[in-house]
Amino acid sequence: MITGALRETGRLFALAAEVGRAVFRRPFQFREFIEQFWFVASVTILPAALVSIPFGAVIALQVGSLTQQLGAQSFTGGASVLAVVQQASPLIVALLIAGAGGSAICADLGSRTIREELDAMEVMGVSPVQRLVVPRVLAAMGVAVLLNGLVSVVGILGGYFFNVVMQGGTPGAYLSSFSALAQLPDLYVSELKALIFGFIAGIVAAHRGLNPRGGPKGVGDAVNQSVVITFLLLFFVNMVMTAVYLRIVPPKGG
Amino acid sequence: MGIEVVVEGLTKSFGEQNIWRDVSLTLPAGEVSVMLGPSGTGKTVFLKSLIGLLKPEKGRVLINGVDMVNSPTRDIYETRKLFGLMFQDGALFGSLSLFDNIAFPLREHTRKKESEIRRIVMERIEVVGLLGAEGKLPGEISGGMRKRAGLARALVLDPQIILCDEPDSGLDPVRTAYLSQLLIDLNAQIDATMLIVTHNLDIAATVPDNMGMLFRRELVTFGPREVLLTSDEPVVSQFLGGRREGPIGMSEEKDAATLAAEANSVTPAAPRVIVPQRQPSPGLPPRRAVARRRERVMRMIDTLPPAARSAIRETYARDAAAATVTAPVAGSGA
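If you're matching them up, the sequences are chains A and B in order.
Our numbering puts the first residue of the first sequence at 1, with every later residue one more than the last.
Our numbering puts the first residue of the second sequence at 255, with every later residue one more than the last.
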């Protein structure tokens with residue numbers, strides 16, 4: 001049981017290392033990359049935008065009522081922006097990439113595996129990792145980074161709207177507290193998180209897809225596992241990255 | 255000329271379950287061999303081990319000095335270009351048309367121009383009789399067509415070693431006969447080493463130069479076709495006769511009680527006749543492997559069982575007689 005879990009973990013890391021090596025191997029599958037990029041983007045953009053509006057609103061409302069109690073209402077904007085940019089946005093992006101893009105990648109690779117397409121590819125001397133997995137992982141990473149920008153903007157707009165319109169906050173105070181509390185490294189770490197989460201989602205989806213257990217039902221199970229495993233890893237990695245970030249980058253004015 | 259495949263002491267298990275152990279055999283260069291075995295004896299696993307898709311725990315598979323089990327990945331990938339593998343259900347890429355499927359190895363491994371690729375692919379499509387279907391997706395054609403398309407794809411790089419995984423499964427007897435003929439014709443044309451894994455008795459009786467059989471986690475025998483066809487080993491005679499009486503049961507093997515009960519009510523098996531091997535279609539060059547095999551078999555004939563020995567002598571005597579009969583006819587016609 002434990003050795004089984006360790007073995008799977010080891011294989012996951014081995015695949016990650018192999019993908020890392022295969023990224024630089026010619027010829028790069030440009031066409032496949034574009035197609036996957038387009039696919040992942042098309043299934044994630046709309047849900048991401050729709051999720052981020054209420055999420056930004058919830059943070060704005062929650063932080064707004066707390067700051068009101070503390071008498072620090074003028075800092076509502078900065079606080080909710082930090083929460084959205086640093087935490088909510090990369091996580092929303094990762095959940096959507098894993099749930100919408102990763103599950104599709106996993107199902108696609110899984111059904112190809114059980115149809116022996118990947119074996120056939122290997123027999124013809126073509127590495128499925130270089131040919132199929134690398135473009136998918138890179139697409140997941142690229143879409144994650146770009147989508148993160150979108151979600152941050154939409155989330156902040158949602159927060160702004162709810163704070164100003166619903167809670168009677170002043171637009172000036174909301175905006176000026178941006179620069180009072182937030183700083184550029186917050187944005188950098190947000191994008192870095194999105195990049196890494198995209199990588200994790202792509203690798204886990206590919207790993208489960210390449211190793212489905214027994215027949216079509218195995219593919220369904222693999223998709224399920226890939227989403228669950230990605231979620232678990234995301235929250236753990238997010239915690240570690242947040243802790244490290246707060247250690248090495250001093251908060252503004254702190 | 256094809257390449258010799260040497261298998262030494264191969265042992266493969268999945269977890270606790272041993273599939274077969276200590277399998278040693280040599281596929282002679284350019285000859286056609288068949289591996290028989292009841293369902294579930296690891297024939298496909300054997301095929302996949304030859305090409306390095308599965309890793310046996312013990313043993314070696316030597317091809318041109320490269321060990322397909324333990325060599326570095328790069329060497330294995332390089333050696334795989336010598337192979338053509340026909341999968342059980344074709345294993346075509348579902349998103350590509352038949353043409354693109356068959357062109358795939360050419361586009362990956364050669365720098366040929368698109369017009370050149372088109373020429374080669376259409377030629378292969380014609381060989382397997384799929385002209386007119388090249389624009390279809392694998393999901394739109396029948397299982398037999400997928401199989402033939404898989405064969406065409408396996409042939410497109412002019413492989414030196416061709417492996418066929420159950421070429422007959424899902425095909426009617428007529429198509430199976432056509433496919434058997436196609437395999438023999440191919441061998442005559444490109445002189446590749448071929449291994450066919452099957453449990454079809456018709457293919458087994460008419461196609462191969464050499465035959466082997468896997469049963470009970472072991473290689474029962476491997477050698478010239480006459481050895482297996484005349485073998486009085488219970489497993490072999492049960493399998494070739496397609497009878498229920500014998501060591502092969504519905505699940506892999508039978509227990510002693512059932513075997514003892516059968517022994518009491520034994521019906522004598524009909525004597526097996528050795529059917530002559532298929533010849534290449536008229537107009538094709540003779541198979542170069544035939545002469546090589548004859549030389550090889552004659553060298554080892556004293557080590558073979560007596561029944562096989564007389565069968566081989568008989569076959570070659572008949573061939574010689576046929577040759578002397580046809581030769582003057584051919585001469586007068588010229």
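No lab work stands behind these hints: they were computed from the structure.
Treat each hint with caution, since some may be false.
[Claimed, not checked] Here are the simulated EDC-like pairs of lysine to aspartate or glutamate, each with C-alpha atoms no more than 20 Å apart in a straight line:
hint, chain 1, residue 1, chain 2, residue 2
1, B, K312, B, D412
2, B, K309, A, D119
3, B, K366, B, D354
4, B, K335, B, E311
5, B, K335, A, E8
6, B, K367, B, D412
7, B, K367, B, E377
8, B, K312, B, E262
9, B, K390, B, D329
10, B, K309, A, E18
11, B, K390, B, E377
12, B, K309, A, D186
[Stated by the list, open to error] What follows is a list of derived Cβ distance ranges for each label pair:
hint, chain 1, residue 1, chain 2, residue 2, range
13, B, R497, A, M1, 51 to 57 Å
14, A, G4, B, E311, 41 to 47 Å
15, A, S111, B, P560, 50 to 56 Å
16, A, P27, B, S535, 38 to 44 Å
17, B, S293, A, W38, 52 to 58 Å
18, B, E311, A, M1, 40 to 46 Å
[Said to hold, decoys possible] Chain B side only, calculated, beta carbon under 10 Å to chain A, not exhaustive:
hint, residue
19, S293
20, P359
21, M554
Heads up, the beta-carbon is just placed ideally off N, CA and C, and yes, glycines get one too.
Hints, one by one, checked against the model:
1. K312/B <-> D412/B: Measuring from Cα to Cα gives roughly 31 Å; hence the hint is violated.
2. K309/B <-> D119/A: holds (13 Å)
3. K366/B <-> D354/B: It holds: about 14 Å lies between the C-alpha atoms, which stays within 20 Å.
4. K335/B <-> E311/B: Outside the cut-off at roughly 24 Å; violated.
5. K335/B <-> E8/A: Not satisfied, since the Cα-Cα distance of roughly 31 Å exceeds 20 Å.
6. K367/B <-> D412/B: holds (17 Å)
7. K367/B <-> E377/B: Holds - the C-alpha atoms of E377/B and K367/B are around 16 Å apart, at most 20 Å.
8. K312/B <-> E262/B: Roughly 9 Å between the alpha carbons, so the hint for K312/B and E262/B holds.
9. K390/B <-> D329/B: violated (35 Å)
10. K309/B <-> E18/A: holds (19 Å)
11. K390/B <-> E377/B: Since the Cα atoms of K390/B and E377/B sit roughly 17 Å apart, the hinted pair holds (cutoff 20 Å).
12. K309/B <-> D186/A: It is violated: about 48 Å lies between the C-alpha atoms, which goes past 20 Å.
13. R497/B <-> M1/A: 51 to 57 Å: violated (46 Å)
14. G4/A <-> E311/B: 41 to 47 Å: About 19 Å separates the Cβ atoms of G4/A and E311/B, which means 41 to 47 Å is violated.
15. S111/A <-> P560/B: 50 to 56 Å: This hint holds: roughly 54 Å between Cβ atoms.
16. P27/A <-> S535/B: 38 to 44 Å: Distance hint for P27/A, S535/B holds at roughly 41 Å.
17. S293/B <-> W38/A: 52 to 58 Å: Once the Cβ atoms are compared, 44 Å apart, the range 52 to 58 Å for W38/A and S293/B is violated.
18. E311/B <-> M1/A: 40 to 46 Å: violated (23 Å)
19. S293: violated (17 Å)
20. P359: holds (5 Å)
21. M554: With a closest approach of 32 Å, the M554/B hint is violated.
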